[in-house]
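Q: Protein chains in written order, with the working numbering: chain A, 1 to 297; chain B, 1001 to 1785; chain C, 2001 to 2153.
If you're looking for bench data, these hints aren't it; they were derived computationally from the structure.
Please note that the accuracy of each hint is not assured.
Partner residues aside, some chain B positions facing chain C, computed with beta carbon under 8 Å [what the hints assert, rightly or not]: (1) Thr1019; (2) Gly1040; (3) Leu1254; (4) Glu1679; (5) Leu1721; (6) Asp1722.
C-beta atoms are modelled at their ideal positions from N, C-alpha and C, and glycine is treated no differently.
Each chain is listed here by its residues.
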Amino acid sequence: MINPHPGLPELQYVKPATLQEASKFLADNAGVAKPYSGGTDSFVRLRDGILKLDYLVDIKGLEGTKELSFDPQKGLTIGAAITMNQVARHPDVIKHYPNLAEAAESVASYQLRNRATIIGNICNASPAGDTIGTCMILDGVLKVHGVDGVREVPLNSFFLAPGRTVLKPGDVVVAVQLPLPPKGLVGTYKKLGRNRIGDLSIVAVAVLGYPTPDSASGYRFRIALASVAPVPFESFKAEGVLSGNKITPELIDEAAGATMDSVTPIDDVRGSARYRKQMVKNLTREALTEVWTKLSK
Amino acid sequence: MANAKSKEQVVNPIGASFTRNDVYEKVTGSAVYADDIQFGNKLLYARAKRSPYPHALIKKIDISKAEVLPGVKVVVTGKDFPNRIGLYLQDKTIFATDRVRFIGEPVAAVAAISEEVAMKAVELIEVEYEELEAVFDAEFGASDKAPLIHPDLDKYVCPNFIFPKAGTNIANHFKIRKGDVSSAWDKCAHVVERSFKVPHIQHVPIETHIAIAQMDEKGKVTVWASSQSPFAQRNLIAHALHISQSDLRVIAPLVGGGFGSKAGVTMEAIPVALATKCKGWPVKFLLTREEEFYTNFVRQGLTIHVKVGCDKEGNLLALKNIMYWDGGASTEYGTNVTRAGGYSSSGPYDIPNVETDSICVYTNHPIGGAYRGFGMSELHTGLDQAIDELAEKAGVDKVTFLKKNGVAEGDVLVTGMIMHKNGIQECIDNVAKSLNFNEKEKPSSPDRLRGKGIAAMWKAPAMPPNPGSSAWVEMSEDGNVTVGLGGQEIGQGTFTVMAQMAAAALGVPYDKVRIAGPVDTQYSPYEWQTVASRLTWSMGNAVVLAAKDARRQILETVAEAWKESTDDLDIINGVVVSYKSERETSLENIVIYGMPKENNEGWTGGPIVGRGSFMPKYVTNLDAETGQGPRAVVHYTVGCEGLDIEIDKNTGTIYVLKGAASFDVGKAINPALVKAQVEGGFAQGLSSAMFEEIKLVKGVMTNPSFVDYRIATAPDMDFPLDTPFVEVPQDDGPWGARGVGEHPMVPTIAALGNAIYDATGIRLTNPPYSAEKIYLAMLDKGLVK
Amino acid sequence: MTLKTITLTVNDLVETVDVPQNMTLLQMIREKLSLTGTKNGCAAGECGACTVLMNGEPVNSCMVLAAECEGANIVTVEGLAKAGKLSTLQDTIIEAGGVQCGFCTPGMLISATALLKRNPNPTDSEIRSAIVGNLCRCTGYVRIVDAIKMAAK
């Protein structure tokens, strides 16, 4: 039986002036202090009593958190205070990473997207996180400030379990860096919810593809799956199918089938394992077909 | 004295889509709902201690630690409030007393200086339980293997039209025995037998339940509540606390959505109970959204076994209907849902042989209360889909089948009541025409399947036999009219429609009529409840009588002053005119001060106060064994809905191409408001068809928030919806009007189920018809791979 | 727990408010400023009844800490009408019949106001997407969407 608070439970709001101050405070109060940006995940969990804190540490405005910039050499930097809406409408994102804009725009509602952040989405580490898969297959790297200074953590080694990451007390994720996408990259995000839009995903698939001389098919595909595994999941098995042979609808079918075989989703309140397996196959097929149609023009 | 106003074009308020009279406040944020009322620094906040078990004995409650927490004013438990109350079957106490019967049942409550302190105090209350075997299924609950949830059922007070079975979990067993069903099967050329399981759903008003209570030093209580039933709440809470009704005052501000959830008494008694222990301090209790979902009223679940048969032309001959209603931990309200489900169990169809057993069963689930439709949606979900299959079996097209069997004037209904004139034929025709129903149309792409579904419905206002309405009309010196009434504005537009009716009956422009709100049992005239789609008809009658009474008083005054006959006088646009002498006078001032008689003979008239009272007197009881009686209900509103849909073969997602909903409203007093009700009800119906269910696992609601209890959002409703209404007058309704508030929600699940069947050949028996259910069914049938 | 003092602009008025640190912007607006037009529907960022404009953008005020609003510019439903004159959307939602119980209306108006500012001529689909986070149980959204289209013209 849940019994959420009518508002937020008692806690203190802390706004450190520098990253150093933030990391120290978080480390000194490990277990009862947490960094937050939009708060859309943290506040709900605080109300529900799943998260118990004495301090919420506001990291918006710390060095680097408000950055949203594109460098033609280095790629895209998204700071921890940058909201989903800011990402979705930024001209450089739309031009160079349209699949990220698509994923960001699929989150919840317009109001929530004015608070929710890509970094928050990543740190919340829900298997349903809408922007995580896309950032993973774009080879995103997190810039993390901790008590020992700054370090980089690639996304593909960031997640441990639902809601658990490699972050330690004192860590503040400052930004995510997405390298310059390969030339000719095409991507999409296909999400299935219960309502037409605005829901958490029952299943979602982030797919991208680009031409490359390094594969027998002439193309490389990356496929990330949401809500079918404990963490956002890259399906190397399916990707392998698509690099070995000439791309055809049948090969796409095979790859889609491989995603289905590579996951063991659970039954939960949103959907059954059986339905999820079928949907991951169908959504992957749909996404791959769409990407392939654009690539092969 | 000539008056230009009387020569102005008179806009007949009846049938005019006037702008609502309550929306200016709502769009500016100045509209006052219960949580907006300012109570100052003395306001205390309530939180409840709730049972974590679906069924358990309470061994011990220790409130000592909670009582001494700084900031706590009072802590109460059930032992101080042992009286049972209930609208129909009196089986409910404000707090659990000796045992708990559902997860979330309040066991104790705290009033403190802040919600936070109250929450902390609740956590300090220690309760010892002894778990009991629980009942999670209505059919099992009705069997003799089930543990008893209300062992004292035989001691509960109930009216003589509710039939509980002592020594069981059956709170009401309503029977219909019409004709001879068992021998009728042999005459049937085609028979369909199906079972359907309709889940619990919740009303989801956007404003959750709230009540504030304060007891003064003399023991008089004032309650401010978001309420559909201020007078019923006054009565029930007074009864619970051994107070006299006139010592309990209920003030009911605007309601942010009710849908039946705010009818009767649920959590409102809790702040009252607390207030009785801290005289002079107002206590506010506002449910969180999560509490709204699982601790308050829900719509009962239903398991319905339908067997229906027809002859080879498609005329319905026999219907056997067994319904097990999952009533939850208390059925004080739900027993009447069961009854209504029973006496309307034929749907809007003429069936000569009907056997119905409508059984309300106690379970350890949330409490089933009044929900828009009052059993009709659940009933029609099963009945209209079985009939859909039967039409197909008989080889008769669906529209013809419905029309052929649609109930007509003079038909003998399942209770023996004779049906009145109604527009069901036109309603069905409207829907069929809107959707091009008999044309099988192609889907928009090879990835989609297309189908159309249609379902008809009916509903009578479900009430006790003597539900009264009353109204007064008074005027001010400026000629404006104030109407006093006891029905609530819950969004349906009743304040507007009543003003229109008063204006028409009196002879004044609509914008000169105000409604005396908020409804306040201290000043407002009695109204049974704002439920049952009854206000336009019942309260409307009372308002019209009151307005006519005022009109009569005015005309008698003027007649005497002018020495004319009232037969020659009229009130037009707020001006009294004589057709005989062509004299005129505006209403200003004369409605307060009267008029001087000629030749210094004194005065006539005085302050005008009109009154009106309406109570149907013709409803009779029904036989306990056969359900037969001369007049089961006041009247029926009939209607029909249809859906044209596509199904995505890759995901099972439903795309609605078009919807149609047509109801016989008797007379549309405000056509725009009628259509608005139909649009909203259709959306709520479609939402219940596609998304909604309370997912109960061993008594626990596993989806008690918007995250996982999904309702229709704007993008889900992106299809054209035709809402043509039909007007076959109601013989005792104002200008022939009858209600339509609930009806648009009733046949939607069946219409969708029928459309899914048309598209896929698959009959889904258990709503909601989610994409997952559809897809996996298609997969199992080999329609997709 | 100590209070935090913040200064912010609400409906063009500068306000200085002492807020408990766990108080949400919604609670502050309703309880400290007595602006009760903004409603509490779920306290979880799902229903949109609490939508206000914060620095020009619609947010669920139940999901914002009052303490972090130092210097913020807030507009609530009470701030939509100017000098007693209703905004175009307030007029059209009345005219179109898009108000029934009215509880979702303040949040709906804020979301729609922001939509028309950033997209003066939205399609039906864009309108519906913009208000996906404003739940309405009464209207089926039909006349609300009509009202927004009317205001866009």
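Q: Hints numbered earlier in the text: which of these fail when held up against the supplied structure?
A: Result: hints 2 and 6 break, sorted rising.
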